[in-house]
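Undergrad: For the protein sequence lines, the chains are B and P, in the order given.
In this text, residue positions in the first sequence follow the UniProt record's numbering: the first is 1, and each later residue adds one.
In this text, residue positions in the second sequence follow the UniProt record's numbering: the first is 1, and each later residue adds one.
It is possible that part of the hints are untrue.
For identical chains, the list gives no copy identity; a pair is met inside one copy or between any two copies.
Keeping only pairs whose Cα atoms sit at most 30 Å apart, straight-line, the calculated DSSO-like set for lysine-lysine is [stated by the list, open to error]:
no., residue 1, residue 2
1, Lys29, Lys337
2, Lys145, Lys34
3, Lys145, Lys8
4, Lys29, Lys305
Because the hints were derived from the structure by calculation, they are not lab data.
Treat the numbers as computed from the prediction; the structure is a model and nothing was measured.
Protein chains: 2
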Amino acid sequence: MSDVRVIKAALLGAGTVGSGVYDILQWQKDEMPKKLGAVVELKKILVRNTKKPREGMDSSLFTDNWKEILDDPEIEIVIEVMGGIEPAKTYITEALHAGKHVVTANKDLLAEHGKEVLDAAEEHGCDLMFEAAVAGGIPIIRPLKQCLAANHLTEVMGIVNGTTNYILTKMTKDHMEFADALALATELGYAEADPTADVEGYDAARKVAIMASIAFNSRVTFSDVYTQGITKITAADIAYATEMGMVIKLLGVARNTDTGIEAGVYPMLIPADHPLAGVNDSFNAVFVHGDAVDDAMFQGRGAGKLPTGSAVAGDIFEVARDIVAGSTGRINCTCYKNLRIKPVDEVQNRYFMRMEVEDRPGVLAAIASVFGNNHVSIAQVIQKSVGEGTAELVIITDQVEERHFKDALLVMNEMSIVKEIPSVLRVYAQSE
Amino acid sequence: MSDVRVIKAALLGAGTVGSGVYDILQWQKDEMPKKLGAVVELKKILVRNTKKPREGMDSSLFTDNWKEILDDPEIEIVIEVMGGIEPAKTYITEALHAGKHVVTANKDLLAEHGKEVLDAAEEHGCDLMFEAAVAGGIPIIRPLKQCLAANHLTEVMGIVNGTTNYILTKMTKDHMEFADALALATELGYAEADPTADVEGYDAARKVAIMASIAFNSRVTFSDVYTQGITKITAADIAYATEMGMVIKLLGVARNTDTGIEAGVYPMLIPADHPLAGVNDSFNAVFVHGDAVDDAMFQGRGAGKLPTGSAVAGDIFEVARDIVAGSTGRINCTCYKNLRIKPVDEVQNRYFMRMEVEDRPGVLAAIASVFGNNHVSIAQVIQKSVGEGTAELVIITDQVEERHFKDALLVMNEMSIVKEIPSVLRVYAQSE
Numbered sequence: 001m002s003d004v005r006v007i008k009a010a011l012l013g014a015g016t017v018g019s020g021v022y023d024i025l026q027w028q029k030d031e032m033p034k035k036l037g038a039v040v041e042l043k044k045i046l047v048r049n050t051k052k053p054r055e056g057m058d059s060s061l062f063t064d065n066w067k068e069i070l071d072d073p074e075i076e077i078v079i080e081v082m083g084g085i086e087p088a089k090t091y092i093t094e095a096l097h098a099g100k101h102v103v104t105a106n107k108d109l110l111a112e113h114g115k116e117v118l119d120a121a122e123e124h125g126c127d128l129m130f131e132a133a134v135a136g137g138i139p140i141i142r143p144l145k146q147c148l149a150a151n152h153l154t155e156v157m158g159i160v161n162g163t164t165n166y167i168l169t170k171m172t173k174d175h176m177e178f179a180d181a182l183a184l185a186t187e188l189g190y191a192e193a194d195p196t197a198d199v200e201g202y203d204a205a206r207k208v209a210i211m212a213s214i215a216f217n218s219r220v221t222f223s224d225v226y227t228q229g230i231t232k233i234t235a236a237d238i239a240y241a242t243e244m245g246m247v248i249k250l251l252g253v254a255r256n257t258d259t260g261i262e263a264g265v266y267p268m269l270i271p272a273d274h275p276l277a278g279v280n281d282s283f284n285a286v287f288v289h290g291d292a293v294d295d296a297m298f299q300g301r302g303a304g305k306l307p308t309g310s311a312v313a314g315d316i317f318e319v320a321r322d323i324v325a326g327s328t329g330r331i332n333c334t335c336y337k338n339l340r341i342k343p344v345d346e347v348q349n350r351y352f353m354r355m356e357v358e359d360r361p362g363v364l365a366a367i368a369s370v371f372g373n374n375h376v377s378i379a380q381v382i383q384k385s386v387g388e389g390t391a392e393l394v395i396i397t398d399q400v401e402e403r404h405f406k407d408a409l410l411v412m413n414e415m416s417i418v419k420e421i422p423s424v425l426r427v428y429a430q431s432e
Numbered sequence: 001m002s003d004v005r006v007i008k009a010a011l012l013g014a015g016t017v018g019s020g021v022y023d024i025l026q027w028q029k030d031e032m033p034k035k036l037g038a039v040v041e042l043k044k045i046l047v048r049n050t051k052k053p054r055e056g057m058d059s060s061l062f063t064d065n066w067k068e069i070l071d072d073p074e075i076e077i078v079i080e081v082m083g084g085i086e087p088a089k090t091y092i093t094e095a096l097h098a099g100k101h102v103v104t105a106n107k108d109l110l111a112e113h114g115k116e117v118l119d120a121a122e123e124h125g126c127d128l129m130f131e132a133a134v135a136g137g138i139p140i141i142r143p144l145k146q147c148l149a150a151n152h153l154t155e156v157m158g159i160v161n162g163t164t165n166y167i168l169t170k171m172t173k174d175h176m177e178f179a180d181a182l183a184l185a186t187e188l189g190y191a192e193a194d195p196t197a198d199v200e201g202y203d204a205a206r207k208v209a210i211m212a213s214i215a216f217n218s219r220v221t222f223s224d225v226y227t228q229g230i231t232k233i234t235a236a237d238i239a240y241a242t243e244m245g246m247v248i249k250l251l252g253v254a255r256n257t258d259t260g261i262e263a264g265v266y267p268m269l270i271p272a273d274h275p276l277a278g279v280n281d282s283f284n285a286v287f288v289h290g291d292a293v294d295d296a297m298f299q300g301r302g303a304g305k306l307p308t309g310s311a312v313a314g315d316i317f318e319v320a321r322d323i324v325a326g327s328t329g330r331i332n333c334t335c336y337k338n339l340r341i342k343p344v345d346e347v348q349n350r351y352f353m354r355m356e357v358e359d360r361p362g363v364l365a366a367i368a369s370v371f372g373n374n375h376v377s378i379a380q381v382i383q384k385s386v387g388e389g390t391a392e393l394v395i396i397t398d399q400v401e402e403r404h405f406k407d408a409l410l411v412m413n414e415m416s417i418v419k420e421i422p423s424v425l426r427v428y429a430q431s432e
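Next comes chain B alone, as it looks inside the complex (with noise of 0.2 Å):
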């Protein structure tokens, strides 16, 4: 073994992911030279503070100098799992400009400047890899460019948010509200300080950027994701999709249409018995529908230290085996279309309204009639009279374009029988 290839990398971050990697690459040491023919070496660590101990990590690897990595030609794999867009968008494409492989985690700077970097990594024929950045340890990416190749990929979804999962199956099974699961989740470490990104979808919508992107061929960014976050979700939304024998989850929805792609985060009625109803707690899953391999699954941890770190290491094996056969850049872009995206308002869904109305004849007749005139058909209607001369109302429409919908919400928000609309959600239909 003394004469086996030792492959030298250096990682940027020494945070949670970057001491999962690190952890990762010394247990794999011993079994890296006959799975890969190779060793990766780690050589340098970027972190801020180089005086802070890190447990487990040698410490004479740490630099704080960015340059020390770049200008060091034995280095040929950088492994970025900082976050956040500077200063790892410029670490990555200089990186890339000086023929170093990169493998990233980073969600944010893929959703937004996926393009530039990649065009770097195959101007430079260099490899640029990033299972980690979707769905922490779920094998994704590589499944949709390599073994779901051959199909013609219609639908991705899935349930791409460890915190909001946690917290809509906290208000599910032990009926909570949606502050108190929020809490909850806070208080044990699965929600941030500032929640924002994951409650609001935006986390989410760089999730679906990416796996659009790979699934159809063309490029979709995070702003061409339109985002529905779930504060706004109730106890009682919940117990009305269960009564109606569904459950709701936020997911990120992406879809090939003939007229453009759809894509956008949402909470969601789905039915108790699809497969991603079943995926709770903070699990992640993602669903995909090929022209070849009808539906496929793929779930487990979406976040961690280990699992992340499972998805990281798992591309630096690939990098050192490209490296080892002399093919790195063998798999880069592959947006070579140019789909258009859908405006929201011309995406079709099924919708689920709860709204307080006047409990006296005639007014499910006066809703119905506002929707009739807007082009949406009801599917669903369920009355209860809440007292105090109040009626609840709940309806789930059939398939309709959004446009129409709002028509038909703008109206009713003025009609003096409606006493309020608390809740608008969408509901899942298999695309056709």
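Following the hints, position chain P against chain B.
TA: Chain P in isolation, oriented as in the chain B frame:
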């Protein structure tokens, strides 16, 4: 596009899977140059009867002469979808020796002669890919070999036979007996005329051998996998399982323990909230546990023309990418260890036993003492009087080595108070 590289391939077999591969390659014709930097074109299709018309297929490609393919230097990829050991093994071996790359869906061959064909591929620097051999369209081989390569995997198990999963689903949901569910499966074309390989677990065992070999980096062959079929499962067993919050599934289970690899296929009781418990009808799923990724699951269609074709065509695309990148043979046999296969007597499991005993005081005590004398702990007991002096006793044990359980069973079979022991099943317990 006129200068795009054309890679010629030959298809061996034009049955269900072969026609799926044929169709998918047609559908993807215009996409291939952009996805792969090359176009894969079928030059020959090996069939037994070249005169038989096959709908949608170009009959000018048909040949019944293997030599025509083998001796054609222009053919770079051989796609074997005939199934069975011979002549597939000879053809694949000859193709590899001639420097042709091979894509195959042949689980029988790989589970018994995987080493030989992988060695031949290695020797000649060829690709040999077989994603379709396990769980049809579901990506599992590549995720195990690549995405999860940085894990020490300790468990890989799954529902890898759609026929038996359909039968058990019918028995569970519609309370059918085995014979009726099998008859229905046969009528619907889910079961073959001779269902032995499915219902006895042999088909699943082949997939377990292949998955275990890859997951644990050590060769496991078909004969190493213990099998128990589902023919003796009754509606009564399923009713008890339901009562205990469990579901009966035919599971292929492989574990990498400190004392060796365990590999078996058996009907097992698993908790109703386990992700595999919700995988119903003819769907397949594979569940993996690793030191870094924790739990992950892959789910989808385990068979069928297009799903299996999706996996085969994905492999063909990979070979094409390797040819373009000059990196064929990049990843071949990953069995670099030589781990012991544990005899089934040493395998630890929990057991479910349903027995008919005399309905009088002291009987349970007598049974319990036999278990105690044989190092078997009892976890749960249900006793029901069934009339005519008979009680039905259902016992679930704690984890125990199979040999101890068997010893207890031998004693019980001789006891006069024991009238019959109609069911002995295993109960899934998460590995430690």
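Undergrad: Compare the structure with the hints numbered earlier in the document and write down the numbers of the violated ones, lowest to highest.
TA: Violated hints: none at all, because every hint is consistent with the structure.
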